[in-house]
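Student: If you're matching them up, the sequences are chains G, L and H in order.
Residue numbering for the first sequence follows our numbering, starting at 1 and increasing by one per position.
Residue numbering for the second sequence follows our numbering, starting at 1001 and increasing by one per position.
Residue numbering for the third sequence follows our numbering, starting at 2001 and increasing by one per position.
Simulated from the structure, these hints should not be mistaken for lab results.
Every residue gets a Cβ at the ideal spot worked out from N, C-alpha and C, and that includes glycine.
Incorrect hints may appear among the rest.
Covered stretches of chain H, as calculated for chain L (at least 3 residues, CB under 8 angstroms) [stated by the list, open to error]:
(1) 2035-2045
(2) 2050-2056
(3) 2148-2160
(4) 2222-2234
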Amino acid sequence: MGIRGFVQKYVGMNPNPITRKTHEAHSRTRGTSVDISICPYCAVGCSQLIYSKAGRIIDIEGNYESPINGGTLCPKGAATYGLVHSPYRITTVKYRAPYSDHWEERPLDWCMERIAQLVKRTRDASFEEKDENGLTVNRTLAIGHFGGATLDNEENYLIKKMWSGGLGIVAVENQARI
Amino acid sequence: MPGLGSRLGRGGATTTQQSMGDSDCIVIMGANMAENHPVGFRFVMKAKQQGATLIHIDPRFSRTSAMADIHVPLRAGSDIVFLGALVNYVINSERWNSDPFFKEYVLHYTNAATIINREFRDTEDLGGIFSGYVPGEGRYATDTWQYAGQEIDPGMAQHPVQDVQAREGGAATGTPQAARLDPTLQDPFCVFQLVKRHFARYTPEMVERSCGVPRDLFLHVAEEILKNSGRERTTSFAYAVAWTQHTVGTQMISCCALLQLLLGNIGRPGGGILALRGHATIQGSTDIPTLYNLLPGYITMPTSTPQHASLGAYLETESLPTGLWYYLPNYLISLLKAWYGDAATEENDYCYDLLPKVGGDYSFEAMLLMMKDGIMKGLFCMGQNPAVGGQNAVLARQALANLDWLVVRDIHEIETAAYWCDAPEVRNGEVSPQDIKTEIFFLPAALTPEKDGSYTNTQRLVQYHDKAVEPPGDCRSEAWFMYHLGNRLKQLYADDDSPRGCQLRALTWEYPTEGDTEDPDLDVVVKEINGYTVADRRPVQDYNSLKDDGTTASGCWIYSGIMPEDGNNLSRNRRGSEGAALEWGFAWPRNVRLLYNRASADPSGKPWSERKAWIWWDPAEGRWTGHDVPDFPATKPPDYQPPEGAKGLPAHPGDAPFVRMADGRGALFSAASLKDGPLPTHYEPFETPVDNALYPEQPQNPAAITFPRPDNQYHEVNDPRFPYVITTYRLTEHHTAGGMSRWVPWLAELQPEGFVEISPELAAEHRINNGDWVTISTLRGETNAKALVTRRIKPLRVDGRTVHQVGMPWHYGFGGLAKGGIANDLSSLIEDPNSRIHEAKSFTCNIRKGRATANGEQETR
Amino acid sequence: MNSNALIPPDAQSSLIGSTDARPGAVGFLTDTTLCIGCKACEVACKQWNQLPMDNFGFTPTSYDNTRDLGATTWRHVAFVERFPNSDGAVRMPPFQSSWLMMSDICKHCVNAGCMQACPTGAIIRTEYDTVVIQQDVCNGCGYCVPACPFGVPQLSLSDHKAHKCTLCYDRVKESLEPACSKACPTDSIQFGLVDELMGRATGRVQELKERGVDGAYIYGDRAIGGTKGIGGLNAFFILTAPPEVYNLPREPELPQDKTIQAYLSSIGAAIAFGLAMVLSLCR
C-alpha cells in the first residue's frame, strides 16, 4: 500500500458516525399535496408541480410529464417559489390620496367601492353616444387599461368583455403590443 | 402578428417548439432564444445533437450565438437586406431552379402564378415607394396592389378601417375562381416575377455594404439554408421581438414567411416559423385580446366609419367571399350573443350598436399621449410596468402623473405604482409628490399557483394551471377583481336607462362563485369562450357549429372546441408527451399543432418524403390522416375542384393549404393586408447613422407612424450628435420591466445592476474602463449604467465606415433589489404601421464616460 | 490553439475515462458543451436548499455575478469570453466556442480532502459515495476549507459552519433527482451512476472530436482533475479548453499529500534533533 496509500485511506477517516439527523434526512415534499401549474414567466409554457402543505407552497419544480419542459425549468421558472414568497411581496391594499406624500392602508372593500365610483364618474363625464359625424360610437376615451401578459386568458376575456362590451372603454391595451 | 398573418393567414407561430427538434437547420434571427426561452431551446439543442446546423443572426454575440455553428453579427435594423438577399439567392440558385420540389410547392401552395394589376409599380420603379402612396398622409391606397381582374373600388382601397389595423387573411378580394394565373411564371406581372425583380438588387455585396456582414459569411448561411430545405429536409426559423420592434418589423417577419414559402418549409415538421412570445400568454392576449383594435378571435374591432355603421355594413365590409373569413357572421353574431345574451336579437342587430366604435389610434403609445394631454383621466394597470417598460419612459411617467386616478394591480411595488415618490425626477427635486394629483390604488394580485386559469404558450398551446393554495391577505385574481367590480358597476347603473346604462345592463355577467374569496367559476367562463347553443346551453364541438342566426353563443371562435362537453376542459388535458402530444393541452384552432399542415403532403396528398411525413390523404378512408389534426377540411380530397360560385371553404381547391386566405394560397405578394407595401422593402430604422443603400431617396419607412412633438423628438438620419446604434434587450435572469424578477432575491443577485454593453474599440475611444459609469443620451432623455466592455459587441464596417453599436437591457428601474438606469428613458414613441409596435431594437444615441450624481458631481466608478 | 496541449503530456491513456469511484457511486456529468449559461442550476439549488441571496454586486465579469462557489452558492456558472480573432469567423467550432460557460459544483471526490481534514467527523461519505457535511456535527473549525483543492466548502457568515453541495442527499434518499440536474433545460447537467455517466462522457467526447471539437476532454477522471491521490471526481465535467481557463487546477492533489512530506520531514527533523541532543548529552 505504501505510506501514501495508507495515509489516503486512513488519515482523516475518523469513524465519522452518521448522526440521527442525517439518517432521517428526507425530501420535504414527502406527504405534501401536488397541483399542476404553468410557469408565469415566458411563453415556453413549462408545466410546474406545486407542492403545498397546510395551504402553504413549500416547493415548486418542473413536471417531468410535460412534452415541453420534461421536468426542467429555467432560472426564472426555478425562482417561482421565490416569487410567491418574495420578501417584498405586497399583500395588503395601499392607497395614495391626491397630492399626498405617503401610502395609507385601506380596506379592500373600500377601495373596490371607491374605484367603482370613480369609473362611473369618469365614464359619465366623458361618454360619447355619437361622434361628430352622427355615427353611434357608445364609447369613452377617458379610461384606459394596460394589461400584462401574465393575466389568464379567462381574465382577459372578462376584461375585454366588461371594459369594451359593458362600459365602452376602447383604449384597452396589453403588453403584447410592446 | 400581421407579419405572418398577411402571408399565411394567421399571426400565430406555424410550428411547435418540439417540432424544431426535427429541423435540419435552424435559423434564429431577431431573437435570443437561449437566453429568453432557455427551456424551448432544449429542442434546438436536440436538433443540433442530431446534426442540425444552428445559425444565429444578431447584432450581439449572445448565449444563443455561443451555441451556434454560425453567428452572423449584423447591423441592427438591416434584417430585410439580409432576408431579401436570401430570397434573391434562393430563386436564382441552380438547385432551386432544378429541383422539382420547389416549383411544385410554390406553384400549388403560393400565389406565385397569380397576375397582379398591371398598374402596380414597385419600389424599384419609384425610388423606394410603391404605387398608391398618398404623400402628405403617409399611407398607401392599395387599389393597384390587387389581383388582376379583381380591381377594387379605389374608395375601398382607402377604406379608413385599414388605417386602424392591418388585418389577417391576405387579399381583400383575392378569390381563387377569379384569379388569373400564369403557371409558367413568366408573365412580368405574375407574383413570382414581381418578387424576383423586387429583390434583384438585394445581393451579397449589398449585404456586405448595408448589414456589415462579410459576403462570404452571407453565402455560407444561404447555402446552409438552401441545402437543408427540400423534399427530405426542412429548415425552421425562430424570431421574437427583435423583429417586431422596428418601424419595419412586420415586414421583417413577412419577409421570413415569404422566404419559407419559397423554400417549401411551411406546414412541414421541422420547418415553419416559430414566433417566440416573451410572456406566459402573449399569444393568448392577442387571441382573446386586450387590444384596442381587436375583438376575440382576430375579429376587427368596429370603427366609427360608415362601413361599420351597422352590423350589415360591418359584415359586408369585413367578410371575405371565400376561405374561413366567409363565416365571419357566425363568429361575430355568436360573440354578440355571448356578451349581450337575451338582449341581443335579430331585430336589434344583436346589440351591435352597443359595441364601442374605434375612432383613432388608441394603441399603447397613443394612450400615453392621451394621458399626458388630459384626454384620459383614469387608468387600470394590471401586471404591466409602463414607468419602466413604456417607450419614452420619461414621458410615460409624466403621463401617469397627469391622471386623476390610477389602479395598479401587481405583486411588488413596481415603478408604475411608486413613480410619484421614487422616480429619478422626484428624487432630484424636479417634481414633488405634492404636485401630483393622481389618486392611486395598489391592489395586490394573486399569483399563478394561487388561482385557476389558462395561458396560451408561444406555439398556441392553451394549458391550464390549477389553484394550489389561497392567495395571501388582500391578494386576489384579476378574475375576482373584474367580476366584483363589474357587479358593483352594474348596481350603480341599475336604474340608468341612458345608452351608457343600457350598454352595461345588457352585458351578461352571471358567473357562479366559489371559495371564501368568491372567485368566479372559470369553467363557466371557459364554456362561454368555447361557445354553446343558446337553447339548451350545451357546448358546441368547434367553430364549424357556430351560426349567424342567434342560436349559438361563443366568446372567442378560434378557441371553440376547448370544452366540447360540459366540464371537459381540454386545456387541462395532461396525457402523453410523445410526437405531436395531441392529448396535452389544447392548441387553437381545433387542436392543430402544425398550422397549414396540408402542405406537409404533396398536391396529390402523399407525404413529400417518409422522413418529413406529417399528415396525408387516405384514399381508402376518404379523409386526411397522420400525426396531427388536419388544418384542412378533413374529407376534402386532394383533387377537389370548387364548383362555380362556391363560397367559404368549398371555394378552395383540394391543394390550397392556407384556409384563412381568400385564395387558399400563401401570399408571396400580399395584395391588401399590409399598410407599407405588398413586398418587404428595406428601410432604415427611423433613427440611423447611415443612408439607405438601396433607396437613397427614401431612407425610412414612408408609412411609419410618428409622434413628433417637443417631448418626443427624433434624431435626424446620420445625426452627428447621436452617432451610435443602440439596441435594447432582455436577459435570462430577468423578466420584462422587472416586476417579477428584480424584487426576487435569487434572480436579483444573478444580474444585480443595469449595464451597457460596448465594444473594446468604442470603450477605448471614450477611455471607458470595464465597470465605469457611462451616461447614455438621446433627445428623449438620459440615463446611466455600468459599462460591460466586451468583444461580444463588434464595430461593423457599413458602407465604408465604422458603425458602433451599444446594447442595454431594458429590465432595470429605480425599484426593487436589482436597480439600474431605465433604458426606455432613451427610446421614442414611434410605430410600425401594421402592428403599432415601437422601435426599441434600433435607434441612435450618444455615450459619455461617467455620470452625474444626485448633487451634480461627476463620478466614473 | 493546439488543442492537444490540453492533455497533460504524462496522462496515460489507461487513466482517461477511468475512476476509482466505488460501485454504486452517484454523481454528475456536467457537459459544458451543452451549457447555455442560464443559471437554472444555481437557482434550483438555492430553491431546494433554501439558500439565501449572497455576493450581491455587479462584477463586471462577463455575465458572472455569482463569482464563486460559497457557503450559500453550491452551483456557480462561470463565463469565459475568448474570441480568437476579432473578425467574424465564417465557421465556428460547434458547441460553445467563443463564450465558454461551465456550471461548477462540489466534485464529491473519490478521496476527499475536506473529509480527511475534518477533525470532528462532520464530513461523511454517504451510502451513495457522495460527500456531505453534517450540520449538527460541524463546529465551524474551517479545516476543510483549505483542504479542498477546488476551494469548495466555505464557512457561512450567518451560522459559522462549513457548507457545500450535498448532492441533494435528502432527495437522492427518496430516489428523487437532485434539483440542479432536474432543472437543467439542455441536460448539460446529468445525474446518475458514476460508471454510467463516465461511459456516456467518453462517448460524448469521442463524438465531439468527430464533429470538430478537438479540445474536448473529461475533467475528473484519473487522467485530469482526479489526479494525485484523489482517484476521480464523482461530479465531473466535459471541457473544451484547458482547466485553468475555467479556474480549475490542472493537477489537483490532496493537501494531505503535501502534509505527509512535511510531516515526515518534521518527524525526521525531530529524530535528527533528538539524536543530536542525545549525542551532545553523551559527550
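Student: Would you mind marking each hint as holding or not holding in the structure?
Tutor: Hints and how they fare:
Proximity of the stretch 2035-2045 of chain H to chain L, defined as three or more residues with a beta carbon under 8 angstroms from a beta carbon of that chain, is established by the 7 residues found. Under the rule that three or more residues need a Cβ within less than 8 angstroms of chain L, the assignment of the stretch 2050-2056 of chain H holds, with 5 such residues. Counting residues of the stretch 2148-2160 of chain H whose beta carbon lies closer than 8 angstroms to any beta carbon of chain L gives 0, which falls below the threshold of three, so the coverage claim is violated. Against chain L, the stretch 2222-2234 of chain H contributes 0 residues with a C-beta closer than 8 angstroms to a partner C-beta. That does not satisfy the three-residue criterion, and the hint is violated.
The structure fails to meet hints 3, 4 from the earlier list, while all remaining hints are met.
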